[in-house]
Structures are given as structure tokens and as C-alpha cells.
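**Q** Chain A is fixed; fit chain B onto it per the hints.
Top to bottom, those sequences are chains A and B. If you're matching positions, the first sequence starts at 1 in this note's numbering and goes up one per residue. If you're matching positions, the second sequence starts at 10001 in this note's numbering and goes up one per residue.
Hints listed in this document are in silico derivations from the structure and should not be mistaken for laboratory results. Where a beta carbon is used, it is the ideal one built from N, C-alpha and C, also for glycine. Please note: incorrect hints may appear among the correct ones.
Stated by the list, open to error - Just a sample of chain B residues kept apart from chain A, beta carbon distances all over 12 Å, derived:
id : residue
1  : LEU10023
2  : ALA10025
3  : VAL10068
4  : ALA10079
5  : ARG10088
6  : ALA10092
7  : PRO10099
8  : GLN10108
9  : ASN10112
10 : ALA10126
11 : GLY10144
12 : GLY10194
Said to hold, decoys possible - Simulated restraints on C-beta separations:
id : chain 1 : residue 1 : chain 2 : residue 2 : range
13 : B       : PHE10061  : A       : ASN302    : 23 to 29 Å
14 : A       : ASP207    : B       : PHE10061  : 25 to 31 Å
15 : A       : THR369    : B       : PHE10061  : 38 to 44 Å
16 : B       : LEU10066  : A       : LEU261    : 53 to 59 Å
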Amino acid sequence: MDIYLCSKRPSWLVDNRRMRTTSDFQWLLSAFVLLYLMNHVNSQRKETPYDLKCTTNNLQTWDCSWKAPSEAGHGTLSEFCIDNRSRSCYQLARTNIEIPALSRGDHEITIRSLQDAGSSTSKFILNEKNISLIPDTPEILNLSADFSTSTLHVKWNDKGSVYPRHSNVIWEIKILRKKSMELVKLVTHNTTLNGKDAVHHWSWVSDLPLECATHYVGIRCYVDNLLFSGHKEWSDWSPVKNVSWTPASQPKVFPQDKVILVGSDITFCCVSQEKVLSAQIGSTYCPLIHLDGENVAIKIRNISVSDSSGTNVVFMIEDNVCGTVVFAGYPPDTPQKLNCETHDLKEIICSWNPGRPTGLVGPRNTSYTLFEGFSGKYVRFKRVEVSTNESYHQLLFQMVPNQEIYNFTLYARNPLGRSQSTILVNITEKVYPHTPTSFKVKDINSTAVILSWHLPGSFAKINLLCQIEIKKINSVQELRNVTIKGVENSSYRIAVGKLNPYTVYTFRIRCSTETFWKWSKWSNKKQHLTTEAIPSKGPDTWREWSSDGKNLIIYWKIWAFFSEAYKGPEDFMNPISLALHDLQTEQAVGMGKGILLTWHHDPNMTCDYVIKWCNSSRSEPCLMDWRKVPSNSTEALIQSDQFRPGVRYNFFLYGCRNQGYQLLRSIIGYIEELAPIVAPNFTVEDTSADSILVKWEDIPVEELRGFLRGYLFYFEKGERDTSKMRDLESGRSDIKVKNITDISQKTLRIADLQGKTSYHLVLRAYTDGGMGPEKSMFVVTKENSVGLIIAILIPVAVAVIVGVVTSILCYRKREWIKETFYPDIPNPENCKALQFQKSVCEGSGALKTLEMNPCTPNNVEVLETRSTFPKIEDTEIISPVAECPEDSSDAEPENHVVVSYCPPIIEEEIPNPAGDEAGGTSQVIYIDVQSMYQPQAKPEEEHEKDPGGGAGYKPQMHLPINATVEDIAAEDDLDKTAGYRPQANVNTWNLVSPDSPRSTDSNSEIVSFGSPCSINSRQFLIPPKDEDSPQSNGGGWSFTNFFQNKPND
Amino acid sequence: MSRREGSLEDPQADSSVSLLPHLEAKIRQTHSLAHLLTKYAEQLLQEYVQHQGDPFGLPGFSPPRLPVAGLSAPAPSQAGLPLPERLRLDAAALAALPPMLDAVRRRQAELNPHAPRLLRHLEDAARQARALGAAVETVLAALGAAARGPRPEPPAAATAAGVFPAKVLGLRVCGLYRDWVSRTEGDLSQLVPGGPA
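Here chain A stands alone, though its shape is the one from the complex (with noise of 0.2 Å):
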């Protein structure tokens, strides 16, 4: 506070009050007045006393202080007044004063310099804004360290008694580390004075272990007191205080053997005198924190749960290893499921699951008190250090005499912290019995036994309640519930009646209370065997007369022990007589293993109902069984264990009257209907062209295996090896199903058939059980012969009327025809074209082999001869060959000359240039097939002209074109060869082609060879590149198409 106001010049600063309330006018003017007064003041300074200051340790006095003029000297006595109602003065030698607090308000104060010289007087207003609260600086009274924990422990002294009671004091702590005293904990405590001097403790814990640095600890403090309105300030630190460890010669690590939660931070550090070199944990290695000397410390972050033997802290060090161990866990979870519950209202045994592990363990591991609270006794559980069932601890409780309520709390505990439950039990209900042992079996009699056992316990107090097994043998368990009195002793014993004699039962028990709380575990079994008792009734009887009547046969039942039969009012009647045909015979299907059989009331039956029951295979007698009903029912499901699926049973029911039994109804049924096993067998009666009779017999019982509800008829074309008949169930559309539902029908016509045709027949049997198996047939049904006769009738009418009506008009038109088709033929002998040699053809009998016999030209046009050579001109091919034979034969008979057609005839191409035929020169070509188709026999050039030579035809030998016409074959051999016959004298023919090459090269009697065949085959006469003969090309090469197609016709 360093604001000083003399009161002539009244500051703003002072009364800063009456400033809020000036015009804004009047604070201008007030800010320049107090700039001309502050000026003037500082030209005063050293003139009177100045800077006054005030501040304040304790609200109770005020402790001002001021400068003296320049020129005052030591010891300069000054004047400092008060003034208020009294004015206070003192005199002081001194420029400081203690005074008493001052009231609220402004307080003018004149301090009077009193020099030789004179004096000089300055004013200040003070007020209590003005002062400065500065407590005394606080002093630690004691700082001591718990090294175990980490802990520093700092005690002061508050001064309360020198402040107002309920003073706040804010205390500002610091705590500084090593010797370089790094800050590194700054926290504050709030206090609050209650007038008196009090002591204060403060405590913190290190995250580093203290024995690692020096630890330095300071404190301060700020008093705020509502009531006073000057300035607060902090006071000054106190000296700091520090607590260290003296360090041993053997280097050592801390904190040792510290137990952690999982999850935390931790730091070790080791005090060496010698140098560390690493540190790790487990087997992670860890940056080194440098403290003072050699000590260093490594921090771990968020650790996780150790091993049982901890997880080890390792400091290497030259020549030597340092270490801790520190044991990461977690705190007890809640005991859970604590139950507590007695074997014998003697000792109760508190149970419970310990939850969560903690993962500590030996002196670490949770320890457990069970406290009762109303009779404040309490048991610890002992750890067992090798569990085999860490999820269930137990702890005994011996009962309290009298009592009955208790209130259970179980106290967990372990260094990371503690939980607890609670339970409140009455122990009477919770009372979960020993297994009940010594369990005896004694006969009372033959339905009754005493059953003995021993269960352990003081339940003289309350009921048991326990439950007796009875099991027979083949039967049911049978439980009894039994409440019985308990007892001191233990021992107890009960009887149990209602047992069927002689048979063989097996016993056991258990216990609980009346209060249900728990069973006890079973006894041990005990079979025991009751003793025999007389029958209470006789055997159940019935009788039948043989079929014969000459025998009457008696059947019995044994008695099952004591079973619930019925018992009749007769056993001995005997059955009426009544002949099977009178009754109509019924038929029923049972379910599983039984079959329901009803019947309407009659009232004329008066004693009860017989069903009796046989296997209908069987031979007489045929009785299976039989069973009494009361006559009033109408209804009995019959079963047994003898009865099967796809057997068929005769039940008979017999009603009672007074004279005895008359049967009343005849039903066959079978348990459950099965598919037959075997297919029926059936024949074919008849088989017609369009129609098959089949018959079939019928299926033994036996195998019919339920009643026969039908047949399914298939059938189809087709024969053994092609039917197609595989899946009949499949639906196909050419199956055809004929279902019999008339199982009386045996047979069954199939009309509609074809004729001549194999049909596939099939035939099963079906019941509701299913289908049976098939047997099939194969069938062929008759030829149809009106059909046929039809058929070969109506061709022929139809052929002979065609033949009739074509000669009719061959009649009429024979003329006609005649000069169409038969003109007269020219004789042909002035024509030396056609005068062959017969040597041609017979130097080779390859010759015939190709003959076209007989072969006559239907036209040959012979023209004049211009030349030494006479010419031929092509024939014209108007008639098939097919008919020359009839033709040429028909016209020529005398002069036939035949003519083979020899293929291997060395082609003779007459070259035929345009100039001759331009000059109207006619010619025969002959195309020798053997050089047409074998061009080594032919120039080069030749050759090169016909590049299809190479394929087609291929002559077998080769005949000399030197041979002569006087080689021809004699007329006498000719006549023996059927073919053409040229009409003219062959031997006249001039066989000169001018194209040939031999024909240019001799102009003498050597002629070109050429067949007169080869009129008609154009085929091998005519080359294929001749393109420009489109005459001769088409028509001969259509004929002789149809001619080489049909080589064997």
C-alpha cells in the first residue's frame, strides 16, 4: 500500500466515495487539481515527511511507516497525531509507529517533523482500505517422512489466537526434490482460525520413493478475514525443511515389495554409490532418471497384473544386481453368493465365491473374518496357500446355544483395499442334512417294511422331512414323503406299508427338513425282497371247445403280483356256440401297438365283455390272449406286446350273460397295415390284335400285410429289352395306369391295342400300407390279316387299272408312238465312219469289261467326206441308253455288231482346230479314256492342257494305239457280246481321227482307235475342259450319271 494523502490536498484516492459521486465536470476539475497538487507534493518531498505506509499482521494493530524530510537528521523527533474525536499524538524518535487498529473511515493522521530549523507537517488520510494485511511468515513445526509409504508428514503452528476467530487461511505448500530443489508439488490447505493457536498436519504422498532424493518442503500462508476490507496479502515462504535417507554402502532399490494396483504408475530408483548401468522390469528395459550421485529411478506406466511371485525390478550395476519385487493386483471383490447354512444346527458353514481374483497372493492374498453380529463372535478364514477351488471358500461357525437368527458379515481385506456382505439367516431354515448312512431294510410283513438310518444332527428342535425311493423291478419309482420327529440320537426309523409280497424292491432315502431348504444326497440303495403272502384271488380262465367240439380247452393267466385285473363274476363260463357266418366280419386298423375296438351298449350282457385275440395264420385253437372288460364299457383298446405291424388278428368279442359267453362281433385287424411283400401273380388269358386278357390271383394273407385296397395295372408298348418302364410312380404320359379298386376283379381286358405290338404289363398290389412290388409281362398282341389283305388288294387294283387303261391308250396311239419313238432307222452302211476293226476290241479282253450292251446310236448323221480321212460328227444322245438295247436291237437284229465299251482304249484326242470346223469339216471325236486319264502315255503338252487328268477314272492297262482294225474280234465273237451293235459293216469303219497325233502323223491305213461305245459315253469321250461343247457336255454327262450310279443294276 503505497498510496499517502495529505489531508490538505485531499486525494480522489482516498476518498474515492465522494469521487463516485461528483458530475463528471467536477471529476475533471478534480483530476486537474490533483495532478497540480501531486506535482506540488513531489516539490515538497524532502521538505516534510512523506510516503506514509500502514499494513497489518494480525487485524489488531497497524504498523505505519513514513519518510522523514530530506533534511531531518537521525534522531529527529517527529509527531504522529491521530485525529479522531480524541486526538492522539505521539511523540517518537523514529519514523515508524504502532498503533491500534482504526475504526472504519477515513483517518486523518499529521506527522510533525520537529527539526531545529523548524518543523514541517504533513497530513494523510488513512483508512483501512489503505492497509495491507501481510501475516507473519508460518514456521513448520515438523516434517518427518514414513519412508514405508512414500510419506511426507508436515506439522504447523496456525497462530489462531492473534486473528479474529473464523479467520480463513489459505496455506500454500511446496515440496522441492532433490538438491537442485526442483519444484515438484505445489498444493493448498484450507484452514480456518478459531482463535487459538493451533496445530496443523498435512501429509503427501511421493510418487517417488523419498529414500531416492532429498525432499524439501516449504509453507505459506494467506489469511482472508471477511470483516477486513484492506489489502491481503501472501506472507513470506517459511524456510524449507527436508527430510533425506542415508544411504547404506550396499546399493538397494525402493520401494521394496510394493503392492500395486493394476493399472497404476510406479517409480523405482536405486540409491548406488556406484554407477547403474540398466534397469528393467521382467525382461522390458527402462529409461534411467538421473536423481542426485549415482541414484537413478525408472517410472512404469500403467502395470499390469504380476505373476504369483511378483513381478521383479532389476537395477544392473558393475559386479553386482539390485532388485525389488512389486506385486500389481487388484483390491477383494465383493464376497458373492454368501450362504450360510447348517449340516446339523451344530456348526453353520458360510459359503461364498470370492468374485474377481486378485491376483495376489501368500501374505498378499485376501484374508476373510466372518462376524455375527448379535453375538459379536467372528471366525477368520485361513488361507490355504495350495487351493484346488479358488471360486468357493468356506468358513465354519460354531452355533450359538439358543440361537436361531443370525446376522452374518463377511469381511474381505487385502493391501489394495476391502469389501464386504452380509447376510441375515434364520438358521432353522437353512438346514442342508448329512446323507443319511446306516440305511437298514426290515420286514414287518409282507407288505410292510421298517426302514432304519442314522443322520447326524441336533434337530431334536424341529421335523425332517424325508423322502423314501421305492422301485420294483420293471416299474416306476415310487416316492413317499414322510414327517417325522427329529431326534437327538440320530438314529431313526420309519415303516412302509403298502408293498406288494414276495417281490423284490429297492430302497433308499434322503432327509430334509419341514422347512424346505435342501435334500440331503441320497442314502446308499438297498434291494430287499418282501416276504410271500397266500394269492388273494385265482387264476384269470378261459375256455373254447375245439374245432371238432370234441375237446374243450382251458387257457390261465398268472397273476401278475397284485396287478389291478379285473376280476369277472364267472371265469368258468362257458362260451355260447354261435356259428362265425351268422356274424359279418369286420375290419379295424390299429395305431402303434395297440388297436381300439368299440361296441354299442347292450343291456342283455350282464356280466362283463371277453375280447380274446389270435394270430389269423395261426392254426386252431388260435389264441393269443384275452382281455375282461366291465360290461358297462363299449369300448377296450387291446394291447400288447406281441402284436406286429403287417400281421393280421382275429379279435373275437363275447358278451356275458347268465347262461354264459356269446361271441357278439368278429373283427380282423391288423396293428399297423404294411405294403405287400410279393407282387400278385398274374397270366394272359387271351391276346387278340387290338385287345390283352389278363388275370391275376390273389395274395396270401400273409403277404398281403394289410387289407388290399386295390391293384394298379401298367402298361405300355414296348419290348423286353427297349421298355422304358422304370419308374412307375413318375406319372408318365406313356404309361398308361389302370387303377382296380374292385379287389374282387381277377381279370382285366386291355383294349385298344395295335396289332403285331409288344406292350410291357405291369401289375402291383396296394394296401393303405403302401405299395406292393411289381411283376411285369411282356406281350405281343396278334397281326391284324383284313388289314393286310386290305393293304396288298388295293395297290394291286389300282396297278392292273394303270396298266389297263395305259395299254388302251398305247392301242390307240400306236402310230403315233411308233413314229415318235421308233422312227425307222437309215442303214448305216455307207457309212465308213462306222467300219471298226474288229482287231480293236480284241486285243484286249479287258475290253469287255466295261461293255454297254447292246448299245445302238440313236442317231448318226453322216456326212459327206472332204477329205483323205474321213470324219465322224458327233452323235447326238437323244434316247437313255436304258432303252437302246430294246431299240437297237429291235431295229438292227442282223447287223448287230457288238461293240465293247473298253475303258482302258488309249485316249485319242483329235485335236479339232477352229479353222476346220470354221471350214464346215464335220467329225467323230473319239476321247480315248486311257490317255485322257493317264498322261505319261501323252506329250507334255498334252498334258499341261488337261490338269484334271489326275483324278477320276484310271485305266488298268494300256492299249498300243498301233493296234489295227484287222485285230478286232471276228463278227462270231462279236455276236456273243451284248452291246452295241454298229449297223453298218465294222470292218468298213475308217477309224481315223484327223485330231489324233498318230492320225496327223500317218496318212496311211493306221487309223485313230475309237470305240463306237463311246457314243454313249460321253462321260470319258468328251475331256471336262472342253467348255466349248456345251451340247455334247450336258446331255451325255446327265445320262451317263444315272448310268455309272447304278455300276450293279
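**A** Just chain B, lined up with the frame of chain A:
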């Protein structure tokens, strides 16, 4: 030297001398026991290390062989001692080992209560060390070289302040047990006829 005098100062010179059958059988039996316990001791050391956590089981971690109060390690300098003297040292060490092994077992029971095999082997080791020591003393007595004077009381079981020093101490005790059993086997082998002279 007469055997009747109970002195065996130069057993190596006497090794060729045939021993009495029952003494030979006893030596062979004791040697076999020492041989067997040598294997057990090695297994015990391995098992002990396994239950102490890292870095005990890690290669390269070898805490210094701190001295154990009341029991020193077999020193190479003792090789020059007469065989009876060495056997006396063996017997003394074997007598000192059981309480130490028991102390280790008790500490391990706190640290590893769920390691019954380790605890059982530690218990067995204490019993076997005691048995082997007694057998060696019997052999010494048979050879006329029984320990002179009353046997000193076994030292109080060595204890360690912290868990880590206890682990290191246990490791050291197991190592000493192995070393002394092995040393005993070697010493006895010199008495076995046909063994190393």
C-alpha cells in the same frame, strides 16, 4: 597304514587296496545316491528359476554369487585337501543345506503357493541332502575318519529382507546344493573301486 587305526590320510595311495565288501557296497550306494541327487539338484535349480519370473529365466542374467551365512561354496583350493577332509567338508555342507532349503521352501510357499511341484522338490532336496550327508558320514566312520568332536549346530537359516533378495538367496542356495552334491559325488567316486584314482 593300518585301517584299524581309523586314519585315512592317504586314501589315494590306498585306493588300490580292496575294501571290505560291506564298505564297498556302502560307498557304491552313497556314490549312486550322490549321482542321483546331482541330477535332481540340477532339475531343482531349473525349476526354481522358472518360477521366479523374468529376468531370472532369461539368458545372461546371473546375479552375483553372494556369500551365504553358514555355507560357503566348494572352493577349488579344497581340491588339494586329503580325501577324508574333503568328505568331511562335504558332509558339513550337506548338513548345513537342509535348513536353508527349508527356508527357501517356506519363502516359495508364499510366493508360489500354486507351484506344488517346486515346493515338493525343495522339500525333497532338504531331506535328500540330509540323507546324503548322513551317508557320507557313515562312509567316513567306516573308513575310520569320522568327524572329530561334536558337529556344530547348523547355522540359522539365511533370510533376506526383501522378496527380491530372497529370490536371489534361494537361487544361491539351490546352486550351492547342486554344487555340493556334485562335489560329493566326485569325491565319492574316488573311493569307488574302479573309479578315478
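**Q** Kindly indicate which numbered hints from before are broken by the structure, ordering the numbers from low to high.
**A** When the structure is compared with the hints, numbers 8, 9, 16 turn out to be violated.
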